[in-house]
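Q: What follows is each chain in one-letter form.
4 protein chains.
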Amino acid sequence: MIPNKARKLRDELKAGRTVVAAGAHDGLSARLVEAAGFDAVWASSFEISTSHAVPDASIVTMSEYLEAARAMNYSVRIPIIADCDNGFGNSTNVSYMVRRYELEGIAAVCIEDKRFPKLNSFIGEGQALESVEEFCEKIKAGKGSQQTEEFLLIARTEALISGRGVDEALRRAEAYADAGADAVLVHSKARTADEVLAMLGKWDGRAPIVVVPTTYYESTVEELAAAGVQMVIYANHAIRAAVRAMSTTLAEVRERGTTASVESRIAPLGELFELQGMGDVGRISI
Amino acid sequence: MIPNKARKLRDELKAGRTVVAAGAHDGLSARLVEAAGFDAVWASSFEISTSHAVPDASIVTMSEYLEAARAMNYSVRIPIIADCDNGFGNSTNVSYMVRRYELEGIAAVCIEDKRFPKLNSFIGEGQALESVEEFCEKIKAGKGSQQTEEFLLIARTEALISGRGVDEALRRAEAYADAGADAVLVHSKARTADEVLAMLGKWDGRAPIVVVPTTYYESTVEELAAAGVQMVIYANHAIRAAVRAMSTTLAEVRERGTTASVESRIAPLGELFELQGMGDVGRISI
Amino acid sequence: MIPNKARKLRDELKAGRTVVAAGAHDGLSARLVEAAGFDAVWASSFEISTSHAVPDASIVTMSEYLEAARAMNYSVRIPIIADCDNGFGNSTNVSYMVRRYELEGIAAVCIEDKRFPKLNSFIGEGQALESVEEFCEKIKAGKGSQQTEEFLLIARTEALISGRGVDEALRRAEAYADAGADAVLVHSKARTADEVLAMLGKWDGRAPIVVVPTTYYESTVEELAAAGVQMVIYANHAIRAAVRAMSTTLAEVRERGTTASVESRIAPLGELFELQGMGDVGRISI
Amino acid sequence: MIPNKARKLRDELKAGRTVVAAGAHDGLSARLVEAAGFDAVWASSFEISTSHAVPDASIVTMSEYLEAARAMNYSVRIPIIADCDNGFGNSTNVSYMVRRYELEGIAAVCIEDKRFPKLNSFIGEGQALESVEEFCEKIKAGKGSQQTEEFLLIARTEALISGRGVDEALRRAEAYADAGADAVLVHSKARTADEVLAMLGKWDGRAPIVVVPTTYYESTVEELAAAGVQMVIYANHAIRAAVRAMSTTLAEVRERGTTASVESRIAPLGELFELQGMGDVGRISI
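Taken in order, these protein sequences are the chains called X, A, V and L. One point on numbering: in the numbering used here, the residue at position 278 of the first sequence is 451, and numbering is uninterrupted. One point on numbering: in the numbering used here, the residue at position 177 of the second sequence is 350, and numbering is uninterrupted. One point on numbering: in the numbering used here, the residue at position 5 of the third sequence is 178, and numbering is uninterrupted. One point on numbering: in the numbering used here, the residue at position 203 of the fourth sequence is 376, and numbering is uninterrupted.
Just so you know, these hints were derived from the structure itself, not from any lab. These numbers were taken from a predicted model, which means no experiment stands behind them. A few of these clues could be false.
Since copy identity is lost for identical chains, a pair holds within one copy or between any two.
[As the list claims (entries may be wrong)] Straight-line Cα separation of at most 27 Å, BS3-like style, residue types lysine-lysine; simulated pairs:
no., residue 1, residue 2
1, Lys181, Lys362
2, Lys291, Lys362
3, Lys187, Lys316
4, Lys291, Lys181
5, Lys187, Lys291
6, Lys313, Lys181
7, Lys375, Lys187
8, Lys313, Lys375
9, Lys313, Lys187
10, Lys291, Lys313
11, Lys375, Lys316
12, Lys362, Lys375
13, Lys316, Lys291
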């Protein structure tokens with residue numbers, strides 16, 4: 174039986190548990206997220222656009238993002254939550270997007286209230302947002318297009334990150350939940366969780382709250398869960414670890430003209446064969 | 174002007190320089206290879222299949238390998254050398270492959286004398302090889318299909334790695350060069366360079382020799398160049414560094430429920446924005 | 174609910190009905206197959222490779238064939254039966270292929286006992302076949318890899334088309350059914366159905382029989398069904414109709430320097446907007 | 174040598190000839206356009222989205238359109254002119270798009286002054302346009318990104334089709350040419366060429382004018398050329414011919430349960446093998 178990953182994710186949220194997810198950009202990083210014990214994979218548009226070496230600015234297309242999410246889903250047994258920017262256009266695009274992602278077995282999509290073409294949330298200040306009405310239309314279009322009842326749509330508000338304050342974040346989160354969003358992601362780039370916690374203090378719980386503590390990393394899952402957070406996403410740390418490691422390793426190999434000094438710091442070939450599932454195919458001889 | 178990367182690679186080989194290349198699997202890792210100062214990128218089928226989390230066993234398709242090579246080529250100014258397994262079938266497949274890769278601006282392709290479907294060279298012992306005649310047909314088909322004179326085809330022999338010895342490696346290398354290969358890759362999985370050096374000692378220089386010192390990593394570029402090697406490929410170290418770093422980082426984040434302890438060991442967001450080329454698009458605010 | 178198309182196809186075969194399918198090569202032609210009232214779409218490797226304008230000779234890759242089948246599946250409510258050549262390699266490739274196609278919601282795959290790389294069945298004479306043992310391994314690998322019980326694997330024998338006769342066709346069909354194939358396709362390029370009917374006369378019914386009456390087109394569905402055939406595939410007529418129409422229309426437009434004379438013979442724009450589903454998006458004004 | 178198709182197209186325009194192009198949606202239809210004697214292929218976004226069976230409304234992604242254009246370019250020796258909607262977003266998207274298309278060997282791209290997400294020009298009335306300033310920024314971004322001097326960017330104005338009149342069309346055409354467009358496409362959905370001819374009467378010739386006589390099909394290439402038109406595009410007739418032929422053929426086969434009655438009206442298998450280039454691979458036996 175093909176595992177119903179959306180059902181699993183939905184059940185965990187309903188049971189009041191806090192789901193912990195980590196970002197990935199390809200089948201390999203997704204498999205490492207699963208191996209580390211995370212509950213879900215965040216198919217991060219920032220990670221995926223970085224892996225293509227192009228700006229996180231609506232340049233990678235929906236079909237490329239979807240292909241990356243598909244490869245991740247193929248590689249793991251845990252659910253994939255796909256970061257879908259602002260839905261790649263308007264309500265029509267969101268409808269199409271939902272049908273495509275759902276048919277690939279992706280458990281959830283997340284769309285945000287920034288305008289198309291989007292810019293990464295950590296770029297510039299006070300980015301323009303869509304109106305609440307426009308964005309609720311997208312949520313309704315998305316929810317109206319799904320074919321299974323389990324599939325989830327997460328609505329992400331950039332109200333805090335664009336400097337519009339806690340009340341606007343609250344107003345948007347409520348509207349998005351009422352429009353049918355299965356959860357609301359409240360993004361923040363503050364150095365502490367204060368504004369997120371302030372928003373949570375006023376939240377009536379009409380939908381699960383998701384956070385991405387990239388900048389307020391002193392807050393732990395435990396603390397965030399205690400404040401009512403139901404999903405914590407470590408959105409981009411895998412690729413940041415990979416970049417640092419690849420940079421320093423490649424520089425050292427180039428400089429020394431041998432890999433002898435890096436061998437003990439990199440994964441042996443056998444570990445990669447195992448990650449590939451090569452054991453199903455042939456006997457590894459090295 | 175679109176840089177003629179094949180011309181550049183060809184000129185370096187002709188001038189008697191030793192080209193040093195490193196393996197990559199996507200646009201990002203290719204850009205890091207370039208940033209570390211390597212002369213060329215090896216679009217490694219092992220790295221690419223690992224990034225897809227599937228066995229290195231002719232499962233990733235030509236169109237997927239080509240798309241990865243294309244993304245690499247888009248990201249860098251140095252030449253891409255594409256590892257094309259055994260050419261994805263017979264001579265007809267090689268002809269088509271050469272036309273496709275050449276049109277994408279890939280500088281060189283490398284095909285090996287293993288049978289289809291191939292298995293990674295480090296798996297099992299004594300893998301079956303194609304006959305010299307069959308493989309020379311492929312080389313001729315490939316060389317006969319290229320549309321520019323600069324494009325290079327590298328023929329790789331698995332004679333040593335499959336246990337057939339130095340004389341067979343020599344015989345095959347000579348035949349492949351005579352069939353038109355622009356260079357010959359002599360692969361070995363010995364712990365020292367001895368068998369490769371023995372082969373080089375008997376080589377009459379009719380084509381440049383390429384090596385991949387994955388297992389005999391004590392030998393340096395300098396030593397290999399002194400023995401006559403014209404291209405050294407560090408084929409899979411970037412992804413092995415990435416795997417180790419992603420594994421340990423993800424495990425630590427999962428265990429501690431915070432990224433605080435890993436922040437100093439991973440690349441900051443700003444470094445990734447720079448790698449993306451985000452500076453061309455917007456002002457980075459974090 | 175996402176329709177369980179494999180279940181639907183399986184049920185029809187089990188109920189003893191004769192399924193009539195037609196070949197397609199993209200979302201549009203699949204939608205036209207459905208509109209014409211066929212029971213299923215044959216994602217023909219011949220049609221798909223023709224649409225790419227490359228030989229039907231294992232040049233189009235599995236990922237390209239799969240993408241075409243996916244687009245077809247997205248466009249229609251009837252099941253897609255994907256023509257998968259010889260499984261794109263060996264048993265490992267078949268396992269991977271089955272998982273990929275099944276996850277895309279394709280109802281059935283069909284693999285044939287020709288060697289890789291394959292050549293279209295109407296090319297040359299006496300093409301080499303895989304041994305019964307090898308091909309049964311592929312069937313078992315495929316059946317062992319599916320995750321739902323509904324998914325179907327059809328085994329196609331080229332025994333007749335390669336000149337090996339009715340008894341060999343029978344022997345292979347029996348072995349393939351015993352190895353787990355859900356149906357057996359007996360291909361023939363004779364001008365009449367005689368050899369197919371001879372084979373059916375000796376068939377004990379251990380699995381449904383599928384035929385492709387490209388060359389023996391005088392035989393009707395009714396006659397074939399009466400002889401026990403459970404699936405008739407008109408494999409390539411849509412694209413052959415398209416080629417003739419596009420050729421003559423383009424030639425006439427080019428010659429006359431106006432489309433005035435062809436307007437009445439081609440579909441109006443409005444018909445194409447309807448086929449696209451444009452009605453869901455905007456009001457058509459022409 | 175890889176043919177420099179952009180140079181060829183540029184030279185023809187410079188020499189004052191009138192280029193006649195026809196729309197295609199895949200490698201096959203492009204090859205038929207070439208075979209019919211057209212000078213160039215129009216990689217029509219309407220044809221391509223129809224072939225995917227999705228609305229012509231910014232749903233097909235840039236990477237899918239590009240892949241279709243690439244397959245066309247692979248199949249023919251004449252230049253491909255890619256219909257790129259409104260550039261898939263803003264100036265950043267246009268820059269990226271130009272680099273991608275140019276690297277694939279596409280001779281020219283065409284962008285239009287409609288807003289993203291676009292709707293087909295024949296849908297609704299009075300569609301919103303981008304401001305002249307915004308669109309000129311896109312043109313400059315595109316022209317500033319190309320790497321060869323031959324590559325062409327065609328700017329398309331929807332001023333007439335959206336009901337803004339001849340003077341606005343003229344004002345926009347002049348601005349677009351001054352911003353660097355290599356040609357200006359003036360689109361109209363009138364039943365006669367009158368408004369297009371009125372605009373041409375006032376045109377000072379600062380850039381070549383392109384027209385698409387889908388609705389005013391009584392006007393011939395000769396007449397349009399005499400009025401100063403330098404490129405005439407028959408944008409969608411191939412696929413409209415294909416739809417009509419596939420529909421009627423499939424319906425007849427389904428109804429009669431045999432292809433006997435359609436055989437004489439469809440292309441024989443041998444013609445398709447020739448279109449595939451099968452002759453390079455094997456001997457056709459049917």
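Q: Hint by hint, say whether it matches the structure.
A: Verification of the supplied hints:
{"no.": "1", "hint": "Lys181 to Lys362", "in the structure": "neither (30 Å within a copy, 45 Å between copies)"}
{"no.": "2", "hint": "Lys291 to Lys362", "in the structure": "within (17 Å within a copy, 33 Å between copies)"}
{"no.": "3", "hint": "Lys187 to Lys316", "in the structure": "within (18 Å within a copy, 36 Å between copies)"}
{"no.": "4", "hint": "Lys291 to Lys181", "in the structure": "neither (31 Å within a copy, 37 Å between copies)"}
{"no.": "5", "hint": "Lys187 to Lys291", "in the structure": "neither (31 Å within a copy, 39 Å between copies)"}
{"no.": "6", "hint": "Lys313 to Lys181", "in the structure": "within (23 Å within a copy, 31 Å between copies)"}
{"no.": "7", "hint": "Lys375 to Lys187", "in the structure": "within (20 Å within a copy, 59 Å between copies)"}
{"no.": "8", "hint": "Lys313 to Lys375", "in the structure": "within (25 Å within a copy, 48 Å between copies)"}
{"no.": "9", "hint": "Lys313 to Lys187", "in the structure": "within (21 Å within a copy, 41 Å between copies)"}
{"no.": "10", "hint": "Lys291 to Lys313", "in the structure": "both (21 Å within a copy, 21 Å between copies)"}
{"no.": "11", "hint": "Lys375 to Lys316", "in the structure": "within (26 Å within a copy, 51 Å between copies)"}
{"no.": "12", "hint": "Lys362 to Lys375", "in the structure": "within (20 Å within a copy, 55 Å between copies)"}
{"no.": "13", "hint": "Lys316 to Lys291", "in the structure": "both (22 Å within a copy, 23 Å between copies)"}
Consistency note: the structure conflicts with the earlier hints numbered 1, 4 and 5.
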